[in-house]
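*Asks:* Got chain B sorted already, so can you dock chain R onto it with the hints?
The listed protein sequences derive, respectively, from chains B and R. If you count by numbering that gives the first Met the number 0, then the first sequence holds residues 0 to 299, one letter each, in order. If you count by numbering that gives the first Met the number 0, then the second sequence holds residues 0 to 212, one letter each, in order.
Note that these hints are calculated values from the structure, not bench results. The beta carbon of each residue, even a glycine, is placed where N, CA and C say it ideally should be.
Covered by chain R, per the in silico footprint, the following chain B stretches (three or more residues, Cβ under 8 Å):
#1 16-29
#2 101-112
#3 119-133
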Amino acid sequence: MTESTSAEQFGSSRVKRGLAEMLKGGVIMDVVTAAQARIAEDAGAVAVMALERVPADIRSQGGVARMSDPDLIDSIIAEVNIPVMAKARIGHFVEAQILEVLGVDYIDESEVLSPADYTNHIDKWNFTIPFVCGATNLGEALRRINEGAAMIRSKGEAGTGDVSEATKHIRTINGEIKRLTSMSRDELYVAAKELQAPYELVAEIASTGKLPVVLFTAGGVATPADAAMMMQLGADGVFVGSGIFKSGNPEQRAAAIVKAVTFYDDAKVIADVSRGLGEAMVGINVSDIAEPHRLATRGW
Amino acid sequence: MTILSVGTRPADTAVPHGLRVGVLALQGDFREHAHVLRELGASVELVRRPEELDRIDGLVIPGGESSVMDKLARTFGLAEPLRAAITAGLPVYGTCAGLIMLADTILDGMNGQQSLGGLDIAVRRNAFGSQTASFETDLEIPALGEKPVHAVFIRAPVVETVGAKATALATLDDGRCVAVEQGNLLGTSFHPEITGEYRFHQYFLQKLVAAAR
Numbered sequence: 000m001t002e003s004t005s006a007e008q009f010g011s012s013r014v015k016r017g018l019a020e021m022l023k024g025g026v027i028m029d030v031v032t033a034a035q036a037r038i039a040e041d042a043g044a045v046a047v048m049a050l051e052r053v054p055a056d057i058r059s060q061g062g063v064a065r066m067s068d069p070d071l072i073d074s075i076i077a078e079v080n081i082p083v084m085a086k087a088r089i090g091h092f093v094e095a096q097i098l099e100v101l102g103v104d105y106i107d108e109s110e111v112l113s114p115a116d117y118t119n120h121i122d123k124w125n126f127t128i129p130f131v132c133g134a135t136n137l138g139e140a141l142r143r144i145n146e147g148a149a150m151i152r153s154k155g156e157a158g159t160g161d162v163s164e165a166t167k168h169i170r171t172i173n174g175e176i177k178r179l180t181s182m183s184r185d186e187l188y189v190a191a192k193e194l195q196a197p198y199e200l201v202a203e204i205a206s207t208g209k210l211p212v213v214l215f216t217a218g219g220v221a222t223p224a225d226a227a228m229m230m231q232l233g234a235d236g237v238f239v240g241s242g243i244f245k246s247g248n249p250e251q252r253a254a255a256i257v258k259a260v261t262f263y264d265d266a267k268v269i270a271d272v273s274r275g276l277g278e279a280m281v282g283i284n285v286s287d288i289a290e291p292h293r294l295a296t297r298g299w
Numbered sequence: 000m001t002i003l004s005v006g007t008r009p010a011d012t013a014v015p016h017g018l019r020v021g022v023l024a025l026q027g028d029f030r031e032h033a034h035v036l037r038e039l040g041a042s043v044e045l046v047r048r049p050e051e052l053d054r055i056d057g058l059v060i061p062g063g064e065s066s067v068m069d070k071l072a073r074t075f076g077l078a079e080p081l082r083a084a085i086t087a088g089l090p091v092y093g094t095c096a097g098l099i100m101l102a103d104t105i106l107d108g109m110n111g112q113q114s115l116g117g118l119d120i121a122v123r124r125n126a127f128g129s130q131t132a133s134f135e136t137d138l139e140i141p142a143l144g145e146k147p148v149h150a151v152f153i154r155a156p157v158v159e160t161v162g163a164k165a166t167a168l169a170t171l172d173d174g175r176c177v178a179v180e181q182g183n184l185l186g187t188s189f190h191p192e193i194t195g196e197y198r199f200h201q202y203f204l205q206k207l208v209a210a211a212r
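Isolated chain B (complex conformation) (with noise of 0.2 Å):
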């Protein structure tokens, strides 16, 4: 570390997972158009993420959704400060490549656009820029960041509005961690078999407590209750996807969600956040939707 005082190194672990270090405690808001990043920027988001349609849309579409056309990233790019995101195809390595050059933030290896590869996930150590991926347990958290992600999304079941799904994948995941820690040595070998992750991970949670990164809350948050539970639940940040722009007054509800991350403990200040926001988006409940049509299965 000391042998050269000048060479910079660009895209390590650190640096990667720094990146989400820094937006914890925040809102990160899914966008369609340079005037949604521009609502999202001005109501507090600490990035925003680019993708062509909104999980909600996706869903009641139907079809291949994919990668946004780069010109409307460089539109976004252009019309924020703030982080920028995009999605990424499960395995669409190239997708992957073409949002690096792009000069976006942050890739969203993301369950929510239709997977390009039904067996593996992106390589993600061969990237310079760092990888968001979405878990439903801890198993799955960690084979994530065996390949390379930076950081990780619960997944939760994107445009429904309904926060079951998500509280469900934040509490499996952060009771998983809790198990491990209680667990002797010989025990953490057959946890890594349980788990099919890798047993250095595994023992690396088991002493520390926590995900060597930082763990955002997705899927299903409308409401700044639903986000500030999130946080109480042990999440690092929320994503908030077809919740803010499906709902009737977007500007008021993504500041509205923003302060509540920020006091998520905080019950009147949470109320008083919640008052007079307009309709929050319609929903559809999970347990309406049948199993071949969530999402959160996509990914393994």
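*Replies:* Chain R only, in chain B's frame:
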């Protein structure tokens, strides 16, 4: 009770009982700062409300998104009392977004972005470009001793102009300034809180202890 003088060796750092260090906890990596400060023996108070400012003898403003901190600080009535406290001599250390908050002038800020000010500098926000231009490197910082400081720059700002009242503490090889001090204020473009580098926090605690005397 140990009283420090400037130049005390890092290993000897101790914070007198009763002194409390605030960490601005509106957004960002405030837990990492709190951890470093506690490791150094300080009592830490997370600060989100104006009344919490009354209980502290110094403040750390963490890394994060400066525009978000600015909005929340103004919305929840923290910005004005903080400005007054800084003017009255409150010791404050800012990293990255925190450095931006302490700068008298922000270049490339958002529409309407305001800083708290205090440091006689102009800071350029996100001066290196997108995340792929973020990097880590070693810096020679004589004020902190011989061992180089390992510094992580994440979409980092640089100090473009160092005014007469401020002093540059560290520069990159190309001459750009990335750490400054001015009286009780300290600011760095980079993040000692995520690299296990404690010397900046120790240096800040010395300022805090001296100011409380």
